[in-house]
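Asks: If you want the building blocks of each chain, they are given just below.
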Amino acid sequence: MNIAVPPMEDKKANKLKSTRIAGKLVNDYWEMVWRAKEEGKLICWYEGSAINPFLEAADICWVHGEAYSAMLAARHQEETAQRVAEERGYMRELCSYARTHLGCAVSNQRLRGDNSGATPDDDDLTWKLPAPDMIISAYAYCSTGQQWDEMTSRVFGKKVPIFNVSLPWIWASKPDAGYLRGHEWHETSDYVARQLYDMVKFIEEQTGKPYPWDRLRAMMADIKRASELRLEAMDLCTAQPAPASFFDWVVSIAPINNLPVAGVKDYFETVLAEVKQRVASGEGAVPDEKYRLFFDGIMNWNKVGWLANKFARYDAAVVAGRYTHMAFWQEPDLIDPKNPVLGMAQNYLICPNNHAAPILIELIMGLCRKFQVDGMVIHASRTCRAFTNPQFMIAEAAQRQLGIPSSMFEGDVTDESFYKDELLNSRVEAMLEAIESRRMAVA
Amino acid sequence: MNRHVMGVDFGSTTAKTVILDLSGNIVAHSVAHMGAVSGDGVKQSMKDALEEAGLAQSDMGRVVATGYGRRMLDEADKNYTEITCHARGAVAMVPGARLVIDIGGQDSKVISVDSNGLVAQFAMNDRCAAGTGKFLEVLARAVEIGLEELGDTALQAREKLKISSMCATFAETEVISLLAEGHPKTDVLGAVHAAIAMRTLGLVGRVGKKGPVVMTGGVAKNPAAVHYIQQALEMPLILPKTPQIAGALGAALIGLDDYRAENKHLFISEHEDMAREEQMAADKACIPGCRGVPELAVDPFEKQPPKGKLKSLLGTIQNHI
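Chains as they are written, first to last, in this note's numbering: chain A, 1224 to 1666; chain B, 2 to 322.
To be clear, the hints were calculated from the coordinates, so they are not data collected in a lab.
Keep in mind that the hints are not guaranteed to be accurate.
[What the hints assert, rightly or not] Cut-off 25 angstroms, straight-line C-alpha distance, at most; resulting in silico cross-link-like pairs (SDA-like, lysine to any residue):
#  : chain 1 : residue 1 : chain 2 : residue 2
1  : A       : Lys1643   : B       : Gln107
2  : B       : Lys135    : A       : Lys1533
3  : B       : Lys210    : A       : Arg1661
4  : A       : Lys1643   : B       : Gly40
5  : B       : Lys210    : A       : Tyr1642
6  : A       : Lys1513   : B       : Arg72
7  : A       : Lys1643   : B       : Arg72
8  : B       : Lys44     : A       : Glu1645
9  : B       : Lys211    : A       : Arg1623
10 : A       : Lys1643   : B       : Lys135
11 : B       : Lys211    : A       : Gln1624
12 : A       : Lys1238   : A       : Leu1590
13 : B       : Lys210    : A       : Gly1626
14 : B       : Lys211    : A       : Lys1513
15 : B       : Lys210    : A       : Arg1448
16 : A       : Lys1533   : B       : Arg72
17 : A       : Lys1643   : B       : Thr14
18 : A       : Lys1643   : B       : Glu138
19 : B       : Lys210    : A       : Lys1643
20 : A       : Lys1643   : B       : Lys161
21 : B       : Lys135    : A       : Glu1633
22 : A       : Lys1643   : B       : Lys79
23 : B       : Lys186    : B       : Val205
24 : A       : Lys1235   : B       : Arg72
25 : A       : Lys1234   : B       : Lys79
26 : B       : Lys265    : A       : Val1665
27 : B       : Lys79     : A       : Glu1659
28 : A       : Lys1513   : B       : Asp259
29 : A       : Lys1234   : B       : Asp75
30 : B       : Lys211    : A       : Gly1626
31 : B       : Lys135    : A       : Leu1646
32 : A       : Lys1643   : B       : Arg207
33 : A       : Lys1235   : B       : Lys79
34 : B       : Lys135    : B       : Ala181
35 : A       : Lys1238   : A       : Arg1448
36 : A       : Lys1533   : B       : Ser166
37 : B       : Lys265    : A       : Arg1661
38 : B       : Lys210    : A       : Ala1580
39 : B       : Lys265    : A       : Thr1611
Chain B on its own, in the form it takes in the complex (with noise of 0.2 angstroms):
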C-alpha cells in the first residue's frame, strides 16, 4: 500500500500540489506559475512537490485534480470541481468556517459551507472576468505596475475614485482616462480593489451572509484586496498560510478519502491503534486467556471452573464473546 496521497489543482494561471500523508499532515506543497492552462506549468508543480517531499509519482495511492484543466491531467485517478476541493480545502485549513471566498484566476467564488463542512450553496462569476485575478492582471498592467507591488500600492490611496464597469476590457478604458485625468495611480488601483470588493460582496448576497469568513485564492495574498473585501463586507475575512493551495489540499484531502475507503481494512484509526497497544500490553501481563482481566481466568492447569457470582459474571462475558 502507497503511503501518500496528492491533489492538483489545475487551474487557469497556476498550478498547485499538494502532497499529504495518509494521515492527512501536508508533507510537500508547491505552486508553478503558468500560462493558460498549461501542461507544462502543472507537470513542474507536481515534479516540485514530489522532489520536496523525496517521493516519485508511484509513490502516490490516489491523485485527484481539480481546476478548469482537470479532465486534462493523465495522472488523475478522479476529478472534481473547484467549488468542491475549495470548500474542503479551506474548511480544513480553517475549521468552523462557514463561508469560503475565493478569488482565483479565471474565476471568484462565494461558497457556504454547512456546519458539517459540505457546500450548502455557491455563486460564481458569471458573465465575464468581472472579480478575478484576471481583472487584477489586466489592470496591473494598465497602470504599468508589477502584480506583487499591486496591493501595497493601492492600500496608499487617498481619494475615491470608481470604476464602474465590471468587464476588465472596459475597466482597463476607465483606468486610463483615470490616469489621463491626472490621478495618482495609488487612488485608480484603490478604486480597482473597490469594484472587485462591491462585485465579491454581490457573490456573498447570493449565497448569504454569514462567518466565520475565509478567504483563499491567489487573490487572498493581495493585502488591499483583502481590505476592500473586508471594509464592504463588515466583516472579517481569515487568511490560511497559504491560501492558494486550498483547491489542491481540498483534492488531496477527498482523494485521502478515496484511499482510505478502499483500503479500509488495512487502516486502524489512532483510537484502535492504542487500544490495540494497550490490550496486547495487558495480555502479556497475564495468564493466556485472560483478556487483560486476570481474576476471570480460567487456569488450564488447575481445571476448576469458577464458583458462584464469579461464574455467572464470566458465563455473562462469554456470551456477549
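Okay, chain A solo, but in the shape it has when bound (with noise of 0.2 angstroms):
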C-alpha cells in the first residue's frame, strides 16, 4: 500500500489573476485613510461588523481595526504596533487583532499626537492611522470586541464619543428556532435593526447634517449584488477541479468587508468571469488537485500566500471554510435595497460565530458536503478564542457524521509567533495519508 503524500515539490497555488486588483484597491482605501485627516473628514474607528456603508454614505471615513491589523500582517509589518502595544501593557494572549490595532492608537498619540515633539518614520505604518473623532462599537459573539473599543476610547483619553450597539448571541433553544427563522431571530432582528436607527441618530450629531438615506439605499443595492456575484463564483467551486480557492476569497474578504463600494461591484463581476472562464477550461486553484480541503479557522494573516502554496505543493485544494464562506454579506437576499436597515441588521447577527453550536456545525457540514470535501483542516488561532471554542465539536461532527478525518493545527490571526510549520506539516501529511489510505483500502 503506497499511500505516501506527494513529494513537496515546487508547486505554487495558481492564484486568481483578478484578485490582484483587490491589491490595488486595498492600498488606495488606506491611502485615503492616511490622507483623510488633513482633508477635514470625520473619523470613525469601529470593529467588527461591517457597518461601514452607514459611515460611507454620511461621508465618514471608517476604519475597521481587524482590517487595519490584518493589512499590517499581510505586509509584515505587524510587529513594531506588538511591541508597542505590549509596552503599554496589553499583554500577548490578547486578541491579536486588538493588539495590534491598540499599539497603533498608542503609537498615533506618541507621534501624531499634538505636542508629541517626536519624530515618526514615513515607512512605519503604525503611526499613520488618523485618530478617531468618534467609535462606534458593533461587535457580535466577540466579548474583546466591546472591551477593544473601551481600551480605545482611553487611549484617546476618553474624549471620543462612542455609540454602542448590542448584537446578541442566538441562542436558538426554542422549538421553532433554527437558521434565519424562530421566534428570537425575528426579536433579535428587529433589536438591532433599532438600534442601527438610532446610530445613524449618532452619525446626525457627529456630522450635524441630515442622514443621506438614497446614498445608502444606492449602496446596498450594489452590496447586495456585488453579494450575489461573490457567492456564484464561489457556489462555482464545486467543480472539480475547483476553479478558485479558500486562499482567493480570503484575499476577496477586503472588498466585500470594508473597502469603498464604488468598486466592489466591478471587482467580483471580474472574478466571476475568470472563475467562470476556468471552470470551462478545466483549470484549477492548485496544478494537481487529488484532495479537496475545508478550512475551519479565522485566517493567518501573514501566511496567507504561504499556505496556499503549502496547500497547493500537497496537491490540496482547500474549497470552502467557514471564515470566507459564513461572513461577509453572506445572505443577500436579506438586504432590501430600498429599506435596507433590517437586513443589515441581520446580516450582522448571522456572523458564524453567533448562532449556537447546532446552527453553526449543520451549516459547515452543508458547506463540506456541497463542496465534497474528503478532509477539514483547522487553525486553532491562539488570540481568537471564540472562533477556536467549537473546533473540537466541528471535528467531531465532521468525522461522525461525514466520516472525514480532519488536523488542527495552532497558530494566530496576526502573531506570527504562534505559528508552527513543522506542526502543520506533520499533521496535514498525516491526514492527507489517512484519505489517500482509505482510498486505496475502497479502491
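Got two chains here, separate frames each, mind docking them using the hints?
Replies: Written as C-alpha cells, this is what we have:
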C-alpha cells in the first residue's frame, strides 16, 4: 500500500489573476484613510460588523480595526505595533487584532498627537492611522470586541464619543429556532435594526447634517449585487478541479467587507468572469488537485500566500471555509435596497460565530457536503478563542456525520510567533495519508 | 530482488530501526539514544540493526522513514508521518486495537483506528511539551533522578499532590517549589505522572474513548505513566513487548506493502505456493495433461475421445480453461 503524500515539489497555488485588483483597491483605500485628517474628514473607528456603508454614505472616513491589523500582518509590518501595545501593558494573549490596532492607537498618540515632540518614520505604518473623532462598537459574539473599543477610548483620553450597538448571541433554544427563522431570530433582528436607526441619529449628531438615506440605499443595492456575484463565484468551486481556493476568497474579504463600495461590484464581476472561464477550461486553483479540504478557522494574515502554496504542494485544494463562506454579507437575499436596515442588522447577526453550536455545525457540514471535501484542516487561533471554542465539536461532527478526518494546527490571526510550521506539516500530511489509505482500501 | 525491507523512526530523542523479511517477520530491531534529531544516532541505529541481521544496506528492497527527521534520511525511499506509522505498527503488534496512545520524546498522540486498521482520527499535543517524554525528562532532572528510575519511584507515591502547569518549564518551577515545601520525591513524581495522564485523557476525549487500547512509544516502558493513564482512562492498556519500535515497524510494514506491490509478479502468497506444490505433485502422479484428474485425461496413445456424460463434462471443463 503506497499512501505517501506527494513529495514537496515546487508547486505554487494558481491564484486568481483578478484578485490582484484587490491589492490595488486595498492600497488606495488606506492611502485615502491616511490622508483623511488632512482633507478635513471625520474619522470613525469601528471593529467587527461591516457598518462601513452607514459611514461611507455620510462621508465619514471609516477605519476597521481588524482590517488595519490584517493589512499590517499581510505586509509583515505588524511587529512594531504589537511591541508598542505590549509596552503599554496589553499582554500577548489578548486578541492580536486588538493588540496590533491598540499599538497603532498608542503610536498615533505618541507620534501624531499634539506636542508629541517625536519624529515619525514615514515608512512605519503603525503611527499613520488618523485618530478617531468617534467610535462605534458593533461586535457580534466577541467579548473582546467591546472591551477593545473601550481600551481605544482610554488611549485617546476618553474624549472620543462612542456609540454601542448590542448584537445578541443567537441561542436557538426554542422549538421554532433555526437558521434565519423562529421567534428569537425575528425579535433579535428587530432589536438590532432599532439600534441601527439610533446609530444613524448618532452619526447625524456627529456630522451635523441630515442622514443621506438615498446614498445608503444605492450603496446597499451595489453590495447586495456584489455579494450575489461573490456567492455565485464561490458556488462554482464545487467544480473539480476547483477554479478558486479559500485563499482567493480570503484575499477577497476586504473588497466585500470594508473597501469603498464604488469598486466592489466591478471587482466581483471580474472575479466571477475569471472563475467561469476557469471552469470552462478545467483550470484549477492548485496545479494537481488530488484532495479537497475545508478550512475551519480565521486566517493567519501573515501566512496567506505561504499557506496557499503549501496546500498546492500537497495537491490539496482548500475549497471552502467557515471564515470566507459564512460571513461578509453572505445572505444578500435578506437585503432590501429600498429599506436596507433590517437586512443589514440580520447580516451582522449571522456572523458565523454568533449562532448556537448546532446551527453553526449544521451549516459547516452543509458546506463540506456541497463542496465534497475529503478532510478538514482546523486553524486554532491562539488569541481568538471565540472562533476556536467550537472546533473540537466541529471536528467530531465531521468525523461522525461525514466520515472525514481533520487535523488541527495552532497559529494566530496576526501574531506569527504562535505559528509552528513543522506541526502543521506533520498534521496535514498525516491527514492526507489517512485520506489516501482509505481511498486505497475502498479501491 | 532483495529479501528485506527497513523502517526507520528518526525521532526527536531516539532513533529506531526495524528490518523485516518479505513475510513481514522482524529480523532485527534497534534503538539508539541520541541528541535532538541527530544524524549520527540514526546511522548508529541502522548499523546496529543491519549487524544484528547480518545484512548490508544494499540488501534492503525498500527503506521507509518516519519521525521528525524523516525528510533528512538519505537512505529512505519514502517517508510517512508518525501518525500513519505508529498506527500501523501498533495494530500489527496488537491486532484488533482501536485506540493507540503513543507518548514519544517530543509529542504525544492518540490515534483512533477503524476496524480495518486505518487511521480514523488523531489528536496531538498542540502547544508545548505537555504530556510528552520531554516533560518527564525535564522533571526527572528537577528531582535529580535518572530517567530509568522515574517510574518505579513515582509508583511509591503516598500523598496526592497536583502539578497544574502543562508547560514543562513552569511545571519544573512547581516541582522545585513542592520539593522546597518538604514533599518527598515519590509524591512529587506521582503528581508529575498524574499530570501526564490527565493530558493524555484530554487527547483521548478528542478522538473518542474506545478499546482495546494499545500504548506505544518510549514512555510506555515507564510503569508509573502506564499506571496513572490506566487509572485516568478507567481502561486497561495493552503494552507490546517493544513499544518504542512501533513507528519503525509501521514504516517497515508500509515499505513492505510498497515493495510487494512493485514486485507483484515475483511474489506468490503462501496459499498460492501450497496450491502449486500440490498441483505439481498431482501432475507427476498421472499421465501428461490430466491436471490431477486422471479419469478425464485423453491418453495420447489411444486417441479415443471419451463418450457420453464424460465427454460433455470434459467439454465444459475445457471451455472454462
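Asks: Does each hint fit the structure? Answer for all of them.
Replies: The hints, checked one at a time:
no.: 1; hint: Lys1643(A) to Gln107(B); result: holds, 14 angstroms
no.: 2; hint: Lys135(B) to Lys1533(A); result: violated, 29 angstroms
no.: 3; hint: Lys210(B) to Arg1661(A); result: holds, 22 angstroms
no.: 4; hint: Lys1643(A) to Gly40(B); result: holds, 23 angstroms
no.: 5; hint: Lys210(B) to Tyr1642(A); result: violated, 29 angstroms
no.: 6; hint: Lys1513(A) to Arg72(B); result: holds, 22 angstroms
no.: 7; hint: Lys1643(A) to Arg72(B); result: holds, 17 angstroms
no.: 8; hint: Lys44(B) to Glu1645(A); result: holds, 23 angstroms
no.: 9; hint: Lys211(B) to Arg1623(A); result: holds, 14 angstroms
no.: 10; hint: Lys1643(A) to Lys135(B); result: holds, 18 angstroms
no.: 11; hint: Lys211(B) to Gln1624(A); result: holds, 18 angstroms
no.: 12; hint: Lys1238(A) to Leu1590(A); result: holds, 22 angstroms
no.: 13; hint: Lys210(B) to Gly1626(A); result: holds, 17 angstroms
no.: 14; hint: Lys211(B) to Lys1513(A); result: violated, 32 angstroms
no.: 15; hint: Lys210(B) to Arg1448(A); result: violated, 49 angstroms
no.: 16; hint: Lys1533(A) to Arg72(B); result: holds, 16 angstroms
no.: 17; hint: Lys1643(A) to Thr14(B); result: holds, 19 angstroms
no.: 18; hint: Lys1643(A) to Glu138(B); result: holds, 22 angstroms
no.: 19; hint: Lys210(B) to Lys1643(A); result: violated, 28 angstroms
no.: 20; hint: Lys1643(A) to Lys161(B); result: violated, 35 angstroms
no.: 21; hint: Lys135(B) to Glu1633(A); result: holds, 20 angstroms
no.: 22; hint: Lys1643(A) to Lys79(B); result: holds, 24 angstroms
no.: 23; hint: Lys186(B) to Val205(B); result: violated, 29 angstroms
no.: 24; hint: Lys1235(A) to Arg72(B); result: holds, 20 angstroms
no.: 25; hint: Lys1234(A) to Lys79(B); result: holds, 19 angstroms
no.: 26; hint: Lys265(B) to Val1665(A); result: holds, 20 angstroms
no.: 27; hint: Lys79(B) to Glu1659(A); result: holds, 15 angstroms
no.: 28; hint: Lys1513(A) to Asp259(B); result: holds, 20 angstroms
no.: 29; hint: Lys1234(A) to Asp75(B); result: holds, 22 angstroms
no.: 30; hint: Lys211(B) to Gly1626(A); result: holds, 17 angstroms
no.: 31; hint: Lys135(B) to Leu1646(A); result: holds, 16 angstroms
no.: 32; hint: Lys1643(A) to Arg207(B); result: holds, 21 angstroms
no.: 33; hint: Lys1235(A) to Lys79(B); result: holds, 22 angstroms
no.: 34; hint: Lys135(B) to Ala181(B); result: holds, 23 angstroms
no.: 35; hint: Lys1238(A) to Arg1448(A); result: holds, 24 angstroms
no.: 36; hint: Lys1533(A) to Ser166(B); result: violated, 34 angstroms
no.: 37; hint: Lys265(B) to Arg1661(A); result: holds, 21 angstroms
no.: 38; hint: Lys210(B) to Ala1580(A); result: holds, 22 angstroms
no.: 39; hint: Lys265(B) to Thr1611(A); result: violated, 47 angstroms
The structure fails to meet hints 2, 5, 14, 15, 19, 20, 23, 36, 39 from the earlier list, while all remaining hints are met.
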